[in-house]
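A.B. asks: Could you put together the complete structure from these sequences and hints?
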Amino acid sequence: MPAVGNSVSRKDGIGKANGRALYADDITFPGMIHGRTIRATIPCGSIRSVRLAFDTTGFTVVDHLDIPGRNIVDLIEQDQPFLVEREVRHMAEPILLLAHENAETLNAARVEIEYEEAEAVFDPERSTQLLKSIDIVKGDVDAALARADIVVEGTYRTGHQEHVYIETNGVIAVPEAGGVAVYGSIQCPFYALKALKCMLGPITKVRVIQTETGGGFGGKEEYPSMIAGHAALLALKSNRPVKIIYDRVEDMIATTKRHPSIVRHRTGVMRDGRIVAMDVDVLLDGGAYITLSPVVLSRGCIHAAGPYRCENTHIRGRAVATNTPPNGAFRGFGAPQTEFAVEVHMERVAEALAMDSVTLRAMNALTPGDTTATGQILREDTSALMVLDEAVRRSDFRRKRESYRGTNKAIGLALFFHGAGFTGSGERYLKSRARLDLTATGVRIAVGSTEIGQGTRTMHAQIVSDALGVPYGDIEVMQPDTSLVADSGPTVASRTCMVVGKILEECAHEMRTTLGDLSPAEYHAQHGAFSVERQYEPPGWIEWDDATYRGDAYATYGWGCDVAELEIDPDTFEVRPIKLTAVQEFGRPIHPALARGQIEGGTAQGLGYALLERVVMKNGAMANAQLTNYTIPTTLDTPEIDVVMLDNPYPGGPFGAKGLGELPMDGPAPAVVNALRHYGLDVREIPATPELIAQCVSY
Amino acid sequence: MRFVLNGHPEDVDAHPMARLLDVLRNQCGLTGTKEGCGEGECGACTVLVDGDPVCSCLIPVSQIEDSAVVTIEGLGEDHPLQHMFMNEVGAQCGICTPGMIMAAQVLGPAPTLDEIKAALAGNLCRCTGYSAIYRSIKKWKISTRELTPRRRDDA
Amino acid sequence: MLRDEPGTPIAGATDLYVALNFGTLAPKTFVDIWSLKELRNIYVRDDVLVIGALSTYTEAIRSPHVRTRLPMLAEAARLVGGPQIQNRGTIGGNIANASPAGDSLPVLAAADAVVVLRSVNEERRVPLTEYYTGYRTTVMRADELIVAVEVPAVDGTQWFRKVGTRAAQAISKIVVAGVRGSTTRVAFGSVAPTVVRPRETERLLTSGASIDEAVAALGREIVPIDDLRSTAEYRLRVSGNLLRRFWSDTAPA
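Chains as they are written, first to last, in our numbering: chain A, 1 to 699; chain B, 1 to 155; chain C, 1 to 253.
No lab work stands behind these hints: they were computed from the structure. Wrong hints could be hidden among the right ones.
Unchecked claim - To give an idea of the interface, some chain B residues facing chain A are shown, with a C-beta separation under 8 Å as derived from the structure:
| id | residue |
| --- | --- |
| 1 | Cys-28 |
| 2 | Thr-31 |
| 3 | Cys-37 |
| 4 | Ile-72 |
| 5 | Glu-73 |
| 6 | His-79 |
| 7 | Pro-80 |
| 8 | Gln-92 |
| 9 | Thr-97 |
Model, not experiment: these values are computed from the prediction. Glycine residues also receive a C-beta, built at the ideal position from the N, C-alpha and C atoms.
C.D. replies: Right under this line is the structure:
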């Protein structure tokens, strides 16, 4: 029986379920001490003085002067410091580091910091500091708007979203010969490695080891590099292992969130429903530093016109700075924001045309041969109509749309797509590598891609098993240690299966050629160990121009259609999701049970984004930084999720697979808000809390 | 301070106000009980005290004197529900899993979906959307009723 | 014990560590009363339901006395936190913690419950409606302990509704309990510094005035605020809606 396509037993073993799996906070080293971060308590200004108001005996104290290399968290642009030197740009920005062997003594230590405050900017619409702008132009949007029968305009807003991985951030830095080893809850060990090398300079040897990671969702993509740097500085200065574990409040106040957005649409349509012009303006609040905002904006803009055909499109995107902690990677990476806007807008376009919104979508949905906003000609693996038809049929959408009318129930739908892998030339620049080792015990996968719950280990082993023709049980997966594994690129962008899995498939084919007819054990007995390492080659047909934003933005896309059914309490304006039908096409599932888990989990996260999850910012800091007051869905908030996985293989992916992780995040919010529209509420913003909905209902 | 931990007598020297969670993790060396929030909101630290699921982050250790505490380690390394959580993907990242499994211990032999949801309403999971957790528990109960704990190794 | 060790009594501790962790309570001396088993029973004496202060929400849910005499308390208890909190949180703790959002408080207020306070020298009884003097302040003296709450037989139909931040593990944004009998009693939580019995609203409802008049009176008797969880505007409006819902749900057939 092939491993691929079957829900084989997972490579995680049983440790996660019996408590034996070791997460960062579960690990201790001899002589280990605790580290703590002293953070800014103003959103904008500069430091006048820092005074240690405690007995420093037994403490290790680190400030920016202790940094041997560059005080920069090296990412896209080099603008964010590990430790403030003078200028404070956001609340909770790290200033000073302390370590002590006694956690209570450490937490009791008081540091007095005097500031000179400056005026902070919190409203992105009033920010004058541009972090990145993008312009995507196709056809002549102004001319097309002028000749359209109807022009529909609208503004849509989305708020911050906090990841709420249940394991908070944590790392341990351990001094070792010539340098430091950093263990931690880290999505991208090679990002942390790069940042550490830049900070520590060339003479210090560094390696990064991922520990079992209790959820990421993008939240442990870039920020752990910061914590890794802090722990490493304390460890090198104290010459002892240093553990830094954030508690929930610190994690929520200091680390990244999903970018809030304001998206404006002007859409020209003809009376028959054909969309002839889409003019879109995307504004993202990037927070205080550039970090990943340019690429979040890029993905957001590319998805901003939705899965629709339109010959005249203009998408303008801006990410601007505010004096809040930098916003960062979060499952979907800009697309959930812009696809929320376009899908709610499509519902309004249908209303303006007095047309059925499913018919409107079907008429304009992208099909093979159509071009996207960037001019990409879509190939056969384009499934917008397939997922739309199936979702409408499966959920009995049309009948319920009628029967719910006039009741407290409502139903709404959203069509969406998600580009898999890095945008544009990203994969070409990245040059990801993967390695397979033939060992005495079998075949070992050596990649930096991390298991953070989504099934990396299992799914990679399945691909190698079938591509190599070796039993799944004989495939071993290394825990990522940057000194031992190949740099397969970051575990982000729905690329771990489609891209890294593809390299592994090719490694397996090459290894099979070397093995000939021998089994790994036979070959090893005769010839000994060997390794195969290969680099990713994107499909040759991909063309992309970074300067003009024209070309093949992604090698392929996943497609989805969500149908949300809700019940609205007319007294309290509370919304209870009853059922969510999620129809998604992502090539072909490698492990159906894990794939289903990605869809169910992403859908629940999307429902939270739609209805519950509101970050309250006060003076640039998250005021509700507790799980009590930032509410994610519980069992009782999460409805039945009916998952349908449709096949449409992508020839460039391993066994036809596309990326999947982010796709399910894009649909729930617009489906929910479109259901609220069906109920008669003109909601254009999320989270659609009862307080917001009440404002849409007249007394 | 004496109590019964996973069936064995335990004697710890701890401040009476020390959280049970910290005593279990730092003094008893049982790190299967996780901390997710420190305020009784996420349920990752759920253990059984005298048979009832409680949040160990909210319990002063003085209050478990002479009580029986069961942690995830107390179920052994090979409990059928642990296997079900892996096979049915009720565990993704796994950090909420020990707490979920402990909270599920109070369920009767044939719980309804509503009963499962109510029993787990104090446990947050951010990965699964809970559906796979319900499937794990239902299959566990079915296998228990059949009295033949089985494991599904499709490979 | 009360004489020897003055300190803050702790019962199920479900709010305590939250307060300590988040700096709303300075560390001080605590007296652990969790093991006082005599404060943990629920029984009926002279047609009065007596709920020992250390009775947990779970015990309240399971108690046949609560279920028959004060079902709205069982309903409220089921919506407190999750099962772990219900297993540990106590009715006495909910009263003592004095949060305006305490889920059981409107039930006890609407049921004319009486708080039994005991010190070394005396025992005294204070109606719940007179127990709170302001935001998180009470008439309890430092040498006193809440030992029980007594609920006289409730005359009328009971009604309860909690509007939380989500379906479980939620703090109340509004919590309402009502009794409709020969007189009408309603109590609101999370809409004022303490739980509120809006007397004018009750009087209007009891005397047969229109629900519109009662809703208008309610608007004058509650003082909701904006906070992290909701808005004054929402609380005011939804309180009125819930009063209407209470009135229509409990209307005689």
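A.B. asks: Determine for every hint whether it applies to the structure shown.
C.D. replies: Hints versus structure:
no.: 1; hint: Cys-28; result: violated (12 Å)
no.: 2; hint: Thr-31; result: holds (4 Å)
no.: 3; hint: Cys-37; result: holds (4 Å)
no.: 4; hint: Ile-72; result: holds (4 Å)
no.: 5; hint: Glu-73; result: holds (5 Å)
no.: 6; hint: His-79; result: holds (7 Å)
no.: 7; hint: Pro-80; result: violated (10 Å)
no.: 8; hint: Gln-92; result: holds (3 Å)
no.: 9; hint: Thr-97; result: holds (5 Å)
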